[in-house]
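In the order they appear, the protein sequences are chains B and H. End of the first sequence = 153 in my numbering, gap-free, step of one. End of the second sequence = 146 in my numbering, gap-free, step of one.
FYI, nobody ran anything at the bench for these hints, they're computed from the structure. Be a bit skeptical, because a hint or two may be false.
[As the list claims (entries may be wrong)] Quick list of in silico lysine to any residue cross-link-like pairs, SDA-like style, CA-CA up to 20 angstroms:
1) B:K109 - B:F143
2) H:K71 - B:T43
3) H:K105 - H:N66
4) H:K71 - B:D76
5) H:K71 - B:R82
6) B:K95 - H:G76
7) B:K47 - H:T55
8) B:K95 - H:Q38
9) B:K47 - H:Q72
10) H:K94 - H:I82
11) B:K52 - B:K109
12) H:K91 - H:T55
13) H:K71 - B:F143
14) H:K91 - B:E141
15) H:K92 - B:T140
16) H:K71 - H:Q99
17) H:K71 - B:G41
18) B:K109 - H:N132
19) B:K47 - H:G75
20) H:K91 - H:S65
21) H:K86 - H:G129
22) H:K71 - B:M79
Spelled out, the chains give:
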Amino acid sequence: NAGVTQTPKFQVLKTGQSMTLQCAQDMNHNSMYWYRQDPGMGLRLIYYSASEGTTDKGEVPNGYNVSRLNKREFSLRLESAAPSQTSVYFCASSRERVGLVTEAFFGQGTRLTVV
Amino acid sequence: GQQVMQIPQYQHVQEGEDFTTYCNSSTTLSNIQWYKQRPGGHPVFLIQLVKSGEVKKQKRLTFQFGEAKKNSSLHITATQTTDVGTYFCAGRVGTGNQFYFGTGTSLTVIP
Chain B
39 NAGVTQTPKF QVLKTGQSMT LQCAQDMNHN SMYWYRQDPG MGLRLIYYSA
89 SEGTTDKGEV PNGYNVSRLN KREFSLRLES AAPSQTSVYF CASSRERVGL
139 VTEAFFGQGT RLTVV
Chain H
36 GQQVMQIPQY QHVQEGEDFT TYCNSSTTLS NIQWYKQRPG GHPVFLIQLV
86 KSGEVKKQKR LTFQFGEAKK NSSLHITATQ TTDVGTYFCA GRVGTGNQFY
136 FGTGTSLTVI P
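One chain only, chain H, in its complex shape (with noise of 0.2 angstroms):
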């Protein structure tokens, strides 16, 4: 079963609002990534998490591991039109080459 689950499932907001999408996973995971899907796209990676409580930001995201390890956050201040599409994340599991995405967060962005 979906061993990585992702809340919310869809987010509408007006521009210039912040948004954020959490992760979490029933296992310790041994790191974690993101990656952002534009409609009709191929998901593209964003960024890579491997210690516990690491943050980490990219202009105006900001990216969350949590101390468990269990689960993560993606922050987005201040959204922008062009910030539209899927994002998901995926957990690594121990030292396998396997990662378990997320079920995605759609974010729309109303201008």
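Bound-form chain B, shown alone (with noise of 0.2 angstroms):
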């Protein structure tokens, strides 16, 4: 089993550019997340997909767009990349059980620099 798998890994995008950022898991987990890490912030959500076909806003989802394409597939679009997104993102899934969410298995991280 691969888990949770991202790609790209590194990325650097010049500021107005555009980018999607793709996120697989094969672990049939109903719930899947993105997430950036800033040095002392920890870890922000974006948006995040309960199940296949909808989609929640987080913390921080201003200049980002999701798509649940299905349930194994969730990815993370910069429409108009700008500095202030340069972050390490983080795709996570978990799995609902009796009403309580299990652990989140998290991604590689993709490491992305916006010059």
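Both chains are sitting in their own frames, so use the hints and assemble them into the complex.
Printed below as a string of structure tokens:
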């Protein structure tokens, strides 16, 4: 099992460029998440998807869009990249069990630099 | 704004010393999780606490959930160099899917 796979691992963008971060999980989890990690800020939730076909905003959604393509895949799109979006992005997935969210499994992360 | 705060932000200890990180929430949490992130790595789940006053142990690690379900702590006894990393708490409010991560505590263990 690969778990949670993110692509790409590294990316450099120019201000104003767009890109999509890809995430796929093979654990048959219902819930998927996108976080960004900045020094001293911990992990902040950008968007999440509780199930296929649904998405919801997290703490810091501005400047991002998401698509839950199917149960396995959850992509994050930056339409017009800004230097403030320089960060490490993590995708994660988890499974609901009897109303209790279980542990989240994280991908390896995408290190994005916007110049 | 940040709903879950963690202290300290950094901690340096000599190998063999104990270590504790504290997590505090402004609101009551339905449950709390703890994760460890090695330098350059991704967060890895350690444990989940659900009940008020709950205490769980994993070898040298002891996790506590406060009676009011607003705070939690992770205590490591006799640290080893393999304990190096950043420890995060993540609290869930209500029945939603959102977990609010703390700011993390970076642990350095000096051999």
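Taking the hints in turn, this is what the structure says about them:
Simply put, K109 (chain B) and F143 (chain B) have alpha-carbon atoms about 15 angstroms apart, close enough for the 20 angstroms limit, and the pair holds. Among the hinted pairs, K71 (chain H) with T43 (chain B) is consistent with the structure: their alpha-carbon atoms are about 19 angstroms apart, no more than 20 angstroms. With a CA separation close to 10 angstroms, the supplied pair K105 (chain H) and N66 (chain H) stays within the 20 angstroms bound. In summary, the hint linking K71 (chain H) to D76 (chain B) is supported, as the alpha carbons are separated by about 16 angstroms, within the 20 angstroms threshold.
The suggested pairing of K71 (chain H) with R82 (chain B) holds, with an alpha-carbon distance near 16 angstroms, which does not exceed 20 angstroms. Simply put, K95 (chain B) and G76 (chain H) have alpha-carbon atoms about 26 angstroms apart, too far for the 20 angstroms limit, and the pair is violated. With a CA separation close to 33 angstroms, the supplied pair K47 (chain B) and T55 (chain H) exceeds the 20 angstroms bound. With a CA separation close to 16 angstroms, the supplied pair K95 (chain B) and Q38 (chain H) stays within the 20 angstroms bound.
As the CA atoms of K47 (chain B) and Q72 (chain H) are separated by approximately 17 angstroms, the hinted pair is consistent with the 20 angstroms bound. Between K94 (chain H) and I82 (chain H), the direct Cα distance comes to roughly 12 angstroms. Compliance with the 20 angstroms bound is thereby established for this hinted pair. Taking the CA atoms of K52 (chain B) and K109 (chain B), the gap is near 32 angstroms; set against the 20 angstroms cutoff, the hint is violated. The straight-line distance between the Cα atoms of K91 (chain H) and T55 (chain H) is roughly 15 angstroms, inside the 20 angstroms bound, and the hint therefore holds.
Taking the CA atoms of K71 (chain H) and F143 (chain B), the gap is about 12 angstroms. The hint holds against a cut of 20 angstroms. Distance check on the hinted pair: K91 (chain H) and E141 (chain B) sit about 16 angstroms apart at the alpha-carbon level, within 20 angstroms; holds. Only pairs whose Cα atoms come within 20 angstroms are accepted, and K92 (chain H) paired with T140 (chain B) is accepted, the gap being roughly 18 angstroms. Of the supplied pair hints, the one linking K71 (chain H) and Q99 (chain H) holds, its CA atoms being roughly 16 angstroms apart against a limit of 20 angstroms.
Annotation: proposed proximity of K71 (chain H) to G41 (chain B) holds, straight-line Cα distance about 17 angstroms (limit 20 angstroms). Note on K109 (chain B) and N132 (chain H): the hinted pairing holds, with a Cα-Cα distance of about 16 angstroms set against a maximum of 20 angstroms. Simply put, K47 (chain B) and G75 (chain H) have alpha-carbon atoms about 12 angstroms apart, close enough for the 20 angstroms limit, and the pair holds. With a CA separation close to 17 angstroms, the supplied pair K91 (chain H) and S65 (chain H) stays within the 20 angstroms bound.
As the CA atoms of K86 (chain H) and G129 (chain H) are separated by approximately 14 angstroms, the hinted pair is consistent with the 20 angstroms bound. Taking the CA atoms of K71 (chain H) and M79 (chain B), the gap is near 15 angstroms; set against the 20 angstroms cutoff, the hint holds.
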